[in-house]
Amino acid sequence: DAGVIQSPRHEVTEMGQEVTLRCKPISGHNSLFWYRQTMMRGLELLIYFNNNVPIDDSGMPEDRFSAKMPNASFSTLKIQPSEPRDSAVYFCASSFAGARGTGELFFGEGSRLTVL
Amino acid sequence: EDKVVQSPLSLVVHEGDTVTLNCSYEVTNFRSLLWYKQEKKAPTFLFMLTSSGIEKKSGRLSSILDKKELFSILNITATQTGDSAIYLCAVVSSQGAQKLVFGQGTRLTINP
Numbered sequence: 001d002a003g004v005i006q007s008p009r010h011e012v013t014e015m016g017q018e019v020t021l022r023c024k025p026i027s028g029h030n031s032l033f034w035y036r037q038t039m040m041r042g043l044e045l046l047i048y049f050n051n052n053v054p055i056d057d058s059g060m061p062e063d064r065f066s067a068k069m070p071n072a073s074f075s076t077l078k079i080q081p082s083e084p085r086d087s088a089v090y091f092c093a094s095s096f097a098g099a100r101g102t103g104e105l106f107f108g109e110g111s112r113l114t115v116l
Numbered sequence: 117e118d119k120v121v122q123s124p125l126s127l128v129v130h131e132g133d134t135v136t137l138n139c140s141y142e143v144t145n146f147r148s149l150l151w152y153k154q155e156k157k158a159p160t161f162l163f164m165l166t167s168s169g170i171e172k173k174s175g176r177l178s179s180i181l182d183k184k185e186l187f188s189i190l191n192i193t194a195t196q197t198g199d200s201a202i203y204l205c206a207v208v209s210s211q212g213a214q215k216l217v218f219g220q221g222t223r224l225t226i227n228p
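Protein chains in written order, with the working numbering: chain A, 1 to 116; chain B, 117 to 228.
Treat the hints with caution; some may be incorrect.
As the list claims (entries may be wrong) - Now the in silico label distances, taken between C-beta atoms and shown as ranges:
#1 B:SER174 with A:ARG112: 25 to 33 Å
#2 A:SER58 with B:THR160: 20 to 28 Å
#3 A:MET39 with B:THR160: 13 to 21 Å
#4 B:SER178 with A:LYS78: 22 to 30 Å
#5 B:PHE161 with A:THR114: 41 to 49 Å
#6 B:GLY132 with A:ARG41: 28 to 36 Å
#7 B:GLY198 with A:ARG112: 36 to 44 Å
#8 A:VAL53 with B:GLY175: 21 to 29 Å
#9 A:MET15 with B:ASP182: 41 to 49 Å
#10 B:LYS157 with A:MET15: 36 to 44 Å
#11 A:ARG41 with B:SER178: 24 to 32 Å
Unchecked claim - With a straight-line Cα cutoff of 30 Å, these simulated DSSO-like cross-link-like pairs (lysine-lysine) come out:
#12 B:LYS184 with B:LYS156
#13 B:LYS157 with A:LYS68
#14 B:LYS157 with B:LYS184
#15 B:LYS183 with A:LYS78
#16 B:LYS183 with A:LYS24
#17 B:LYS184 with A:LYS24
#18 B:LYS184 with B:LYS119
#19 B:LYS119 with A:LYS68
#20 B:LYS156 with A:LYS68
#21 B:LYS173 with B:LYS183
#22 A:LYS68 with A:LYS78
#23 B:LYS184 with A:LYS78
What the hints contain is simulated information worked out from the structure, not anything from laboratory work.
Backbone N, C-alpha and C define an ideal beta-carbon position, used for all residues, glycine too.
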């Protein structure tokens, strides 16, 4: 299995630009999570999906952030317009949730975003 | 609100020392507690704990959970420079989907 695949790995953009981060979860997993990691705040859960449906988006900082999961094999996290304080590493992770699920999350390599 | 608190936030020791990392939590509908190690990239899984008092062990690393006092510890004996990393504790709550809440992490540095 290829694991969780994220793109881009690195993005540098200017304030005000739109940023789209992409994630392909592990095949067969039914839960997908977007996390943001900074030195100051650690790993913060932004939003998670179960069976492609957003379950909890209370971690999304503000309306500039949006996430979609149009099918079981793809999700996007969009920031529009981006601001310097959005600079962070954004991780996507997937798991299998259910009676057989262990709760273990499998992480992608992360997308390092720098907003100038 | 679910909360996971790790301590210390940062720890610097010499190679060969033993370290104990702490994780306390407050979460509704507890299902399991997980430890991850993060070096330069993505966190990698170490242990999952679901039952109190049962030690999980992998080489020089071990971990135990106390569901009554709501905490877990991660021990590393005979530390090596390769153990330098951020160690993350996460708690799984079962509310429909399995949501993980992470602590801030402990940044461990092992000096030669």
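Cross-check of the supplied hints:
1. For the pair SER174 (chain B) and ARG112 (chain A), the beta carbons lie near 29 Å from each other, so the given range of 25 to 33 Å is met.
2. A beta carbon spacing of about 27 Å between SER58 (chain A) and THR160 (chain B) agrees with the range 20 to 28 Å that was offered as a hint.
3. Checking the proposed 13 to 21 Å range against MET39 (chain A) and THR160 (chain B) shows it holds: the Cβ atoms sit about 20 Å from each other.
4. Judged by the Cβ atoms, the range 22 to 30 Å given for SER178 (chain B) and LYS78 (chain A) is violated: they are separated by roughly 42 Å.
5. A hinted range of 41 to 49 Å for the beta carbons of PHE161 (chain B) and THR114 (chain A) is inconsistent with their spacing of about 28 Å.
6. The hinted window of 28 to 36 Å between GLY132 (chain B) and ARG41 (chain A) holds, with their beta carbons roughly 33 Å apart.
7. The given range of 36 to 44 Å is broken by GLY198 (chain B) and ARG112 (chain A), whose C-beta atoms sit roughly 23 Å from each other.
8. Between VAL53 (chain A) and GLY175 (chain B), the C-beta spacing of about 40 Å breaks the proposed range 21 to 29 Å.
9. Between MET15 (chain A) and ASP182 (chain B) the CB atoms are about 47 Å apart, so this pair conforms to the stated range of 41 to 49 Å.
10. In this structure the supplied range 36 to 44 Å is violated for LYS157 (chain B) paired with MET15 (chain A), their Cβ-Cβ distance being about 27 Å.
11. At about 29 Å, the CB distance of ARG41 (chain A) to SER178 (chain B) agrees with the hint of 24 to 32 Å.
12. A hinted pair counts as satisfied when its Cα atoms are at most 30 Å apart, and LYS184 (chain B) with LYS156 (chain B) does not qualify at roughly 34 Å.
13. At roughly 24 Å between alpha-carbon atoms, LYS157 (chain B) and LYS68 (chain A) fall within 30 Å of each other, so this suggested pair holds.
14. Annotation: proposed proximity of LYS157 (chain B) to LYS184 (chain B) is violated, straight-line Cα distance about 34 Å (limit 30 Å).
15. In summary, the hint linking LYS183 (chain B) to LYS78 (chain A) is not supported, as the alpha carbons are separated by about 38 Å, beyond the 30 Å threshold.
16. Between the alpha carbons of LYS183 (chain B) and LYS24 (chain A) the distance comes to roughly 35 Å, so the proposed pair goes past 30 Å and is violated.
17. In summary, the hint linking LYS184 (chain B) to LYS24 (chain A) is not supported, as the alpha carbons are separated by about 38 Å, beyond the 30 Å threshold.
18. For the proposed pair LYS184 (chain B) and LYS119 (chain B), the alpha carbon gap of about 16 Å is at most 30 Å, so the pair holds.
19. The hinted pair formed by LYS119 (chain B) and LYS68 (chain A) meets the criterion: a straight-line CA distance of about 26 Å does not exceed 30 Å.
20. Distance restraint check for LYS156 (chain B) and LYS68 (chain A): the Cα-Cα separation of roughly 28 Å lies within the 30 Å cut-off, and the hinted pair is therefore satisfied.
21. Note on LYS173 (chain B) and LYS183 (chain B): the hinted pairing holds, with a Cα-Cα distance of about 18 Å set against a maximum of 30 Å.
22. Restraint check for LYS68 (chain A) and LYS78 (chain A): satisfied, since their Cα atoms lie roughly 9 Å apart, inside the 30 Å limit.
23. For the suggested pair LYS184 (chain B) and LYS78 (chain A), the alpha carbons sit about 41 Å apart, so the restraint of at most 30 Å is broken.
In summary, the structure is inconsistent with hints 4, 5, 7, 8, 10, 12, 14, 15, 16, 17 and 23 from the numbered list given earlier, while agreeing with the others.
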